[in-house]
Amino acid sequence: MILAVDIGNSDVVIGMFNDENLLQSRRIRTRLHQSIDEYEMLVRGMLFACNFSLKETKGAVLSSVVPELTDVFSRLIENMIGQLPVKVSSDLNLGIKINTEDPSKIGHDRLINAAAAYKQYKTSLVVIDCGTATTLDVVTTDGVFQGGIICPGLSISSEELFSKAAQLFQVNLEMPKNLIGKNTADSLKSGLIYGYGGMIESLINRLVKEINQHGDTNPKVIITGGLAPKILTILPKVIYHENLTLHGLYLCYSMNISR
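With the working numbering, you'll find the sequence shown wraps up at 259, consecutive numbering, no jumps.
One thing to keep in mind: the hints can contain errors.
Unchecked claim - Using 30 Å as the maximum straight-line C-alpha spacing, the simulated DSBU-like pairs for lysine-lysine come out as follows:
| # | residue 1 | residue 2 |
| --- | --- | --- |
| 1 | 177 | 97 |
| 2 | 122 | 220 |
| 3 | 87 | 220 |
| 4 | 105 | 209 |
| 5 | 182 | 164 |
| 6 | 220 | 237 |
| 7 | 237 | 122 |
| 8 | 97 | 58 |
| 9 | 230 | 182 |
| 10 | 177 | 237 |
| 11 | 122 | 230 |
| 12 | 220 | 105 |
| 13 | 182 | 220 |
| 14 | 122 | 87 |
| 15 | 55 | 87 |
| 16 | 209 | 230 |
| 17 | 58 | 119 |
| 18 | 122 | 105 |
| 19 | 119 | 182 |
| 20 | 177 | 164 |
| 21 | 164 | 230 |
| 22 | 220 | 209 |
| 23 | 237 | 97 |
| 24 | 237 | 209 |
| 25 | 182 | 97 |
| 26 | 119 | 230 |
| 27 | 209 | 182 |
| 28 | 119 | 209 |
| 29 | 58 | 220 |
| 30 | 87 | 97 |
| 31 | 87 | 58 |
| 32 | 230 | 177 |
| 33 | 230 | 220 |
| 34 | 105 | 119 |
| 35 | 209 | 122 |
| 36 | 164 | 119 |
| 37 | 119 | 97 |
If you're looking for bench data, these hints aren't it; they were derived computationally from the structure.
Hey, can you work out the whole structure from these sequences and the hints?
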């Protein structure tokens, strides 16, 4: 059994693997001021509820874009399984090369998403992650991560709008019945969902055009992240992978466990 932990800005996602098979995944809210004991109690309880045996866990892998929690979860994992996790970094073997100004500054989630997608498809890619931030990254046919684009996420955009516009109010982030809203709530839903989806669609088209100009033709477009399902109907040509990041973590573990 392998434990995979992805610390994001909004959620900590935990996956439980038996070999390459993802048995279950769960998420808890990211809280910067929660103690290691509180987090450990939450994680142990969650794993117990999933019938996941820590005694049978032979290793763990950790990715984090929240520096304040990286050491917390490293020690938490060591407390639970008796060893430190493999920590994702640009120095590890991920099965892809990295062509950016400073690979160490690239978010770990972006790297493992790209690695997991490339392992599966072995072709040029646009890899999208819809989370707190939205990222669109490019991988070439020969497996080179070229960097990409970072945009505000759907939730952040909506929260900023609601906090700054006095007469607007919070709405559920869901597809409206019609594009043209007949009331304020539906008009907001249209603007947020179609606006966000339209932004991503436009960026995909621009990236594909640039990729084609550099010799890679017709890249596959892969999308993941907690907010991706909100816009899938707007982007019918993309390939949705619910647990791409967790599979990227397992790939990182399996390729670097001997280090």
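Original post:
Is residue 182 within 30 Å of residue 220, Cα to Cα?
Top reply: violated, 37 Å
Original post:
Is the Cα-Cα distance between residue 58 and residue 220 30 Å or less?
Top reply: violated, 35 Å
Subject >> 30 Å limit on alpha-carbon distance, applied to hinted pair residue 122 and residue 220 >> reply: holds, 10 Å
Original post:
Taking only the CA atoms, is the gap from residue 230 to residue 182 under or equal to 30 Å?
Top reply: Judged against 30 Å, a Cα distance of about 21 Å means the pair holds.
Subject >> Hint consistency between residue 237 and residue 97 [alpha-carbon to alpha-carbon, up to 30 Å] >> reply: Answer holds: residue 237 to residue 97 is near 27 Å, not above 30 Å.
Original post:
Does the alpha-carbon distance linking residue 177 and residue 237 stay inside the 30 Å limit?
Top reply: Given that 30 Å is the threshold and the Cα spacing comes to 22 Å, the pair holds.
Subject >> Given pair status - residue 220, residue 87, alpha carbons within 30 Å >> reply: Between residue 87 and residue 220 the Cα gap is close to 28 Å, so the pair holds against 30 Å.
Original post:
Hey, residue 55 versus residue 87, does the alpha-carbon distance stay inside 30 Å?
Top reply: holds, 21 Å
**OP:** Below or equal to 30 Å on CA atoms is what counts here, so check residue 177 against residue 97.
**Re:** violated, 44 Å
Original post:
Given the proposed pairing of residue 182 with residue 97, does the C-alpha separation stay at or below 30 Å?
Top reply: At roughly 50 Å apart (the allowed maximum being 30 Å), residue 97 and residue 182 break the hint.
Original post:
Are residue 220 and residue 209 close enough, with their CA atoms no more than 30 Å apart?
Top reply: Holds, at about 13 Å.
Subject >> Agreement of residue 220 and residue 105 with the hint, judged by alpha carbon distance not exceeding 30 Å >> reply: holds, 25 Å
Hint compliance for this structure: hints 1, 13, 19, 25, 27, 29 and 36 are not met, and every other hint is.
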